[in-house]
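Enquirer: Here is what each chain is made of, one letter per residue.
Protein chains: 2
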Amino acid sequence: MESPLEYAIGIDVGGTTAKFGIVNHRGEISNRGNLPTNEHDDVNRFINELYDEIQPAIKEIGGPDLIKGIGVGAPNGNYYNGTIEYAPNLLWRGVIPLAKLITDKFNKPCTLTNDANAAAVGEMMYGAARGMRDFIMITLGTGVGSGIIANGQLILRHDGFAGELGHTVIRPKGRLHSGTGMRGTLETYASATGIAITANELLDQRSKEKSLLRKTPHKKMDSKVVYEAAMKGDKIAKDVFKFTGQILGEALANFVMFSSPEAIILFGGVCKAGKLLMDPVKKHMEKNLLPIFQNKVKLLFSELKESDAAILGASALVWEIKPEPK
Amino acid sequence: MESPLEYAIGIDVGGTTAKFGIVNHRGEISNRGNLPTNEHDDVNRFINELYDEIQPAIKEIGGPDLIKGIGVGAPNGNYYNGTIEYAPNLLWRGVIPLAKLITDKFNKPCTLTNDANAAAVGEMMYGAARGMRDFIMITLGTGVGSGIIANGQLILRHDGFAGELGHTVIRPKGRLHSGTGMRGTLETYASATGIAITANELLDQRSKEKSLLRKTPHKKMDSKVVYEAAMKGDKIAKDVFKFTGQILGEALANFVMFSSPEAIILFGGVCKAGKLLMDPVKKHMEKNLLPIFQNKVKLLFSELKESDAAILGASALVWEIKPEPK
Numbered sequence: 001m002e003s004p005l006e007y008a009i010g011i012d013v014g015g016t017t018a019k020f021g022i023v024n025h026r027g028e029i030s031n032r033g034n035l036p037t038n039e040h041d042d043v044n045r046f047i048n049e050l051y052d053e054i055q056p057a058i059k060e061i062g063g064p065d066l067i068k069g070i071g072v073g074a075p076n077g078n079y080y081n082g083t084i085e086y087a088p089n090l091l092w093r094g095v096i097p098l099a100k101l102i103t104d105k106f107n108k109p110c111t112l113t114n115d116a117n118a119a120a121v122g123e124m125m126y127g128a129a130r131g132m133r134d135f136i137m138i139t140l141g142t143g144v145g146s147g148i149i150a151n152g153q154l155i156l157r158h159d160g161f162a163g164e165l166g167h168t169v170i171r172p173k174g175r176l177h178s179g180t181g182m183r184g185t186l187e188t189y190a191s192a193t194g195i196a197i198t199a200n201e202l203l204d205q206r207s208k209e210k211s212l213l214r215k216t217p218h219k220k221m222d223s224k225v226v227y228e229a230a231m232k233g234d235k236i237a238k239d240v241f242k243f244t245g246q247i248l249g250e251a252l253a254n255f256v257m258f259s260s261p262e263a264i265i266l267f268g269g270v271c272k273a274g275k276l277l278m279d280p281v282k283k284h285m286e287k288n289l290l291p292i293f294q295n296k297v298k299l300l301f302s303e304l305k306e307s308d309a310a311i312l313g314a315s316a317l318v319w320e321i322k323p324e325p326k
Numbered sequence: 001m002e003s004p005l006e007y008a009i010g011i012d013v014g015g016t017t018a019k020f021g022i023v024n025h026r027g028e029i030s031n032r033g034n035l036p037t038n039e040h041d042d043v044n045r046f047i048n049e050l051y052d053e054i055q056p057a058i059k060e061i062g063g064p065d066l067i068k069g070i071g072v073g074a075p076n077g078n079y080y081n082g083t084i085e086y087a088p089n090l091l092w093r094g095v096i097p098l099a100k101l102i103t104d105k106f107n108k109p110c111t112l113t114n115d116a117n118a119a120a121v122g123e124m125m126y127g128a129a130r131g132m133r134d135f136i137m138i139t140l141g142t143g144v145g146s147g148i149i150a151n152g153q154l155i156l157r158h159d160g161f162a163g164e165l166g167h168t169v170i171r172p173k174g175r176l177h178s179g180t181g182m183r184g185t186l187e188t189y190a191s192a193t194g195i196a197i198t199a200n201e202l203l204d205q206r207s208k209e210k211s212l213l214r215k216t217p218h219k220k221m222d223s224k225v226v227y228e229a230a231m232k233g234d235k236i237a238k239d240v241f242k243f244t245g246q247i248l249g250e251a252l253a254n255f256v257m258f259s260s261p262e263a264i265i266l267f268g269g270v271c272k273a274g275k276l277l278m279d280p281v282k283k284h285m286e287k288n289l290l291p292i293f294q295n296k297v298k299l300l301f302s303e304l305k306e307s308d309a310a311i312l313g314a315s316a317l318v319w320e321i322k323p324e325p326k
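Which chain is which? The protein sequence lines are G and A, in order. So the first sequence is residues 1 to 326, counted in my numbering. So the second sequence is residues 1 to 326, counted in my numbering.
So here's chain G without its partners, still in its complex pose (with noise of 0.2 Å):
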């Protein structure tokens, strides 16, 4: 039986950031807070620095016998092993056994997946996927993430690994990724990063055209800028994210023929665009899809704010932790 008085942590480990909170059974957040993860590349003052932040609201809660455990999202994060492996965007290097590491520290246990796995549990639990047992989850940020549930449950690799359907090629010979040397895959295009480039293009092969976008040196270029650029009517604002739509579009018909999923959920900072990506994704999705496909795979954006996502997915996993014989 399960008190209603116990907690889990929920932690949402990012390249910039760690963003952390106190979840009850209900999936309310409480106590939240946050600490650096950039600053040094030792792993071990982050969990020490990690430990004295959270001591404050454990307290708050009723101390540490009311956390059930700790449940963390991320990046190349290893559920089987409990362990973040080369993850290019964070400091600390090499092969990180950061359960172990929060376990022995706080003395509970802890459960650690990717970020993107952790936040399409935290939208199963809680958000758009609610009651949903197929779904795929994209999360479009600087990076292209996934995390894809079928029959109810995560689909994670027997090495504990998942699916990173952000480094599939969709355009064979295409756009270099820079960090992975592939080339044509989803990331270059439909992420953040790739938009800005996506705008710069434009920009340069329609170089007599006017366009606010001119305004913004190619360095500073941003989706937020392409952005802001199209609701003011800017036709290659505009351009970009109909090629951007159609891109991402054409990769998820790929992507539900493959799992044939109920419902895509787009998640993450690229999503602001709203109507503006939705539609060319809608159109070229379906375009793209068999006719035993079309019309039935619902798209939508995430209901969970975004910093919310992770940390929920992440305390959810600690409800499934089972006790240890004693």
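FYI, nobody ran anything at the bench for these hints, they're computed from the structure. Where hints are given, some of them may not hold.
Just so you know, same-sequence chains aren't split out, so a pair can sit in one copy or run between any two.
Said to hold, decoys possible - Subject to a maximum C-alpha distance of 25 Å in a straight line, what follows is the list of computed DMTMM-like cross-link-like pairs (lysine to aspartate or glutamate): (1) LYS215 <-> GLU201; (2) LYS287 <-> GLU85; (3) LYS298 <-> GLU85; (4) LYS283 <-> GLU39; (5) LYS238 <-> GLU201; (6) LYS173 <-> GLU306; (7) LYS275 <-> GLU262; (8) LYS242 <-> ASP279.
Got chain G sorted already, so can you dock chain A onto it with the hints?
Expert: Just chain A, lined up with the frame of chain G:
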């Protein structure tokens, strides 16, 4: 408790023939038989013929009381409804309630799924994927089909259909698929049909180059002719497999980054090409994977006889049938 004296009937419904067999708990097939599916468009006549055809086999193994149920693999088979829906390669049009028709005629529970899914289950229980919980089965025949097992379960959509990896787009704006109207899908290249098209294209493009394949008129080209010429060292024929293997390898890389399987099992007539196909597939799959996925995924040929896999897989579904409450 299951009686060791129970049997399942497994049926593999194809475009020209339905094959059946009686299967025991160890996956041994006895009393095989087959009957045509392309002689008339009345599915009831097929069911009656099937019933008559199987009766001697049922008698031989000890009578209908020993038959636990009937499992069917069929193109466009819907697991939840037990229907075949709009299968392009069958004469039976529209939505066919095949499982219900079989249950009514045989007075036995009947479970139905698509043929590639049935083959995947067969491979998991009795073939190259024994003991695996996460793998993808790709069937390379006249068309390209797929069955995905994750967490030890078939990936099925909430509406009972499964993924169709053969219809994912691998070359945007590429070769036209005459059946679906889509362009650049995996099936247009990696099926036996696609191999024949590639051979004819290369013969036309390299019209001055000698080739054993020139003895075969374009309309009679098939993957067997190409295979035999390649085995004799024919350059164009070998290039056909290189090209086919490259496309399939790139597609498999995307699939790996989707569900991160332990293995990919290749199955069907095209696999007779052996190393001619496998070497370029392996090369281009690895080349298109993120480092975190490289050199981890087993690429295997099916260990089951082609005619057995779907019968075994279909029969395996029978053991899952729960008894009806009485």
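Enquirer: One pair to classify: LYS298 and GLU85, alpha carbons no more than 25 Å apart. Within, between, both, or neither?
Expert: between (33 Å within a copy, 21 Å between copies)
Enquirer: Please work out whether the CA atoms of LYS238 and GLU201 approach to 25 Å or closer within one copy, between two copies, in both situations, or in neither?
Expert: within (14 Å within a copy, 40 Å between copies)
Enquirer: Taking 25 Å as the upper bound on the Cα-Cα distance, should LYS215 and GLU201 be classified as within, between, both, or neither?
Expert: within (15 Å within a copy, 49 Å between copies)
Enquirer: Checking an output row: LYS173 and GLU306, CA cutoff 25 Å. Within, between, both or neither?
Expert: Neither way: LYS173 and GLU306 sit 33 Å apart in one copy and 36 Å across, limit 25 Å.
Enquirer: Quick one: LYS275 to GLU262, C-alpha cut-off 25 Å, is that within a copy, between copies, both, or neither?
Expert: Result: close within a single copy only, 21 Å intra versus 38 Å inter.
Enquirer: Up to 25 Å between alpha-carbons, please classify LYS287 paired with GLU85: within, between, both or neither.
Expert: Result: close only across copies, 21 Å inter versus 38 Å intra.
Enquirer: Using 25 Å as the alpha carbon limit, work out where LYS242 and ASP279 are close: within a copy, between copies, both or neither.
Expert: Close inside one copy (8 Å), not across copies (39 Å); limit 25 Å.
Enquirer: Taking 25 Å as the upper bound on the Cα-Cα distance, should LYS283 and GLU39 be classified as within, between, both, or neither?
Expert: Neither: 43 Å inside a copy, 41 Å across copies.
Checked against the numbered hints given earlier, the structure breaks hints 4, 6 and satisfies all the rest.
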